[in-house]
Amino acid sequence: MSCDQCREREAVIHLTQIVNEQVTTLHLCERCAAEKGVESPSGVVKTPLGSFLAAMGKNLPETEPAPRSGETCGRCGGSFQDFRESGRLGCPECYRSFEIPLRELLRRLHGSTHHMGERYADRGAAPADGRVETADLREQLRLAVETENFELAAELRDRLRVME
Amino acid sequence: MIDLSLLTDGGVGWLDASGPSSHLVLSTRIRLARNLAGRVFQGRNSETEREDILSVVERAARESVLLRQATKFRLDRLERTDRQLLHERHLVSKELAGLDADGRVRSGASVLVQDRIGVMLNEEDHLRIQGLHSGFALEATYAEVDRLDSELGQRLAFAFHPEFGYLTSCPTNVGTGLRASVLIHLPGLVLTKEISKVLQGLAQVGLTFRGLYGEGSEVVGNFFQLSNQTTLGSSEHELLDHLGKMVRQVMDYEEQARQVLLRDAPAIIEDKVWRAYGLLRYARALSFEEAMNLLSGVRLGVGVSLIPDVAMYTLNKLLVYTQPAHLAVAEGVAPTDADLPIRRARFVRKVLESEVGRRG
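First to last, the sequence lines map onto chains D and C.
Heads up, the first sequence is in numbering that gives the first Met the number 0, so the first residue is 0 and it goes up one at a time.
Heads up, the second sequence is in numbering that gives the first Met the number 0, so the first residue is 0 and it goes up one at a time.
I should point out that these hints are in silico values taken from the structure, not numbers from a laboratory.
Each hint should be verified, as a subset may be incorrect.
To be verified - Per the computed footprint, the stretches of chain D lying under chain C, defined by three or more beta-carbons under 8 Å from a beta-carbon of chain C, are:
#, region
1, 80-87
2, 108-120
3, 136-144
Said to hold, decoys possible - Across the chosen pairs, the derived CB separations fall in these ranges:
#, chain 1, residue 1, chain 2, residue 2, range
4, C, Val332, D, Arg106, 21 to 29 Å
5, C, Glu269, D, Arg8, 21 to 29 Å
6, C, Thr335, D, Gly110, 43 to 51 Å
7, D, Asp3, C, Glu269, 33 to 41 Å
Where is the CB? At the ideal position from N, CA and C, for every residue including glycine.
If we strip away everything but chain C, and leave its shape as in the complex, we get:
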């Protein structure tokens, strides 16, 4: 079993709900795709080459300030549950964790993590430099990721083309190699059925959305990851500005939708959020999906001040720790355990009892 206590904050500092606009935005993540010059991309390289990349990059990381004390996880030497755990913490992609349909982990697949930044190794690209902050914090996250990119770039030769920019295995990432994602909670737009219009609008301005776990994941609990679609033709700051402007607009729409709901259907909304709270507090079995949807309802209730005394931090914690691998590890069972829904409900009750004031 891996020891996540090695990480200063367990790698989940982003869920403390301390960041800007954290009542709507859970986290901001930015990654930069980089490849080493003169080496074939991951799809065509061998086990030996991947080991070599790992040792070259790790050496550079140990000489850097930002990753000097990074914790290294070799995904290819971890059990599936542990890999899933890292994925549920948003520290590694599904692909790197080998959780795709074929369920195989690539040799050399690793991640280095220190505080809020890190680098995935032997992912689709040789390096995926990444940063994860609490709340809506594009500039702060980019500043850190950019610093790490400079530090590593001084020690490693990156594949760079004078016209195309940073070269990546997939041309969808070429140029800046930058993908910024804002994980945002939009129950108001979902309930008022405005969400598809908003998402279509975002597609028209070059943004895309994904589910809670990024690429290829479903939308659960009304959480959407909004991110830039293109990586070439604009500078890093232009990409971030554009995404930032659009996210702020979506946040405004969400606030308006909530006002409309409270004005036109206050009784229905009040019933909905308290019903969600009641189920979380008293249910004896909860599937992951049901828990996510109920947490979404309570989060909405807290956001519009209908439910007092529940901290966003508590809700974020429940969001992370009720995921299958987290719960399984905490309970010492397999993530496929048939009792998991019962254990989940018990865990949620315990947290709510100990962390929530006795009003309402």
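Isolated chain D (complex conformation):
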């Protein structure tokens, strides 16, 4: 399908508008869409957090125990609302204070909530022995079950089995 505007390039954006109760659909190429101020899918990439935060605000089910507005982090005094506005957390403790909505956000941003990289505690210490590692995995498993992240729990259980 070619672009309704320039009739040259391939239409990639399909814009449905309702004007005076009339529904019209406009098929635009990326350049004409940009000229009309319509953001293309690649444009969204520029502010991943902004769109995620916007989506979060809409999609959080009412039952989810999101922090009440006004609830603040005991360490820095920042609220989740502050974070929504600035995109930045106040202190490391905020990750505990707002753990539930953050966990959801991390899953959306990264597709995971579990750090799989180098562990800070390992630094400079003797190589982690198996006991410490299984204890750590057990703790992660407990957390995963607690937060009903069953996919991860299954993965952790499998890893524990291999180690034992």
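We have chain D; now place chain C onto it with these hints.
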């Protein structure tokens, strides 16, 4: 005026075009975001706290091997031109240099640099450990950055969560805190109009692209910074492997696009690259953007062996030294000087005359 000769290689060792695949890849940069445990993040801290962070981290750095002899630049005590100069050298982010719209430098904003690695202080996170190598060198760059991270981590308490990993001011960086970026030149994909498809494909596999100067910068001269989007859920090596595989694929696409151009439109391409060379060699006024685009054309010409005798090193040097602050400092004028385009053209002519063989 700051004295960049304090740095062993002026902080621009990465532009010597000595690294792997440097005909396509200018540089590889990796940064690790770290914060000190028990302290509020930068957005909420005070001037005193930022000074304290600076002195604590600097002390740790002086005890380390990798930053023992680091040069320190306090951005908050530098003139705008000098800050811009450091930014143009890719040593500091736009935010740290106070070059954002509001133009203010945060107190305590500093950078420590030694050879190819360094650490930005009081950026969005307390520490941004960074490494910059010439060419496509993810593993080598990471090895150095990782070593510095260990050295500093033994002396400083980093904010770390058993499940979320390294904690960062913005949740987009949490986990490994690792962002690896490969600065790659893709004129073939731009000319064959394949580039948007490639970039969309990269977005689907969790990678993102930016312009020459990283976050929030425009694409100029067909240079793209490709980097990982996510930082959590994969190990550092998995993130690097994935990015590396995808960059290699993009490099293949770029080579194919160049072959297609040479096969289907050899006369047009030949004219395009020589025209770019001719303009650079003889123009009497060049805007920064025009210079970048012409350099891109010549780089393509050198890459496909149409233009002989121009070294990638010369092109990289022109890329860096024709930027507004670099040129202004070299010429002793302000970066806003109205004559800058004339001075730029003169500088380019001089370099090409002295460094390029007289063939063609």
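*Hints the structure violates: just list their numbers, smallest first.*
Failing hint: just 4.
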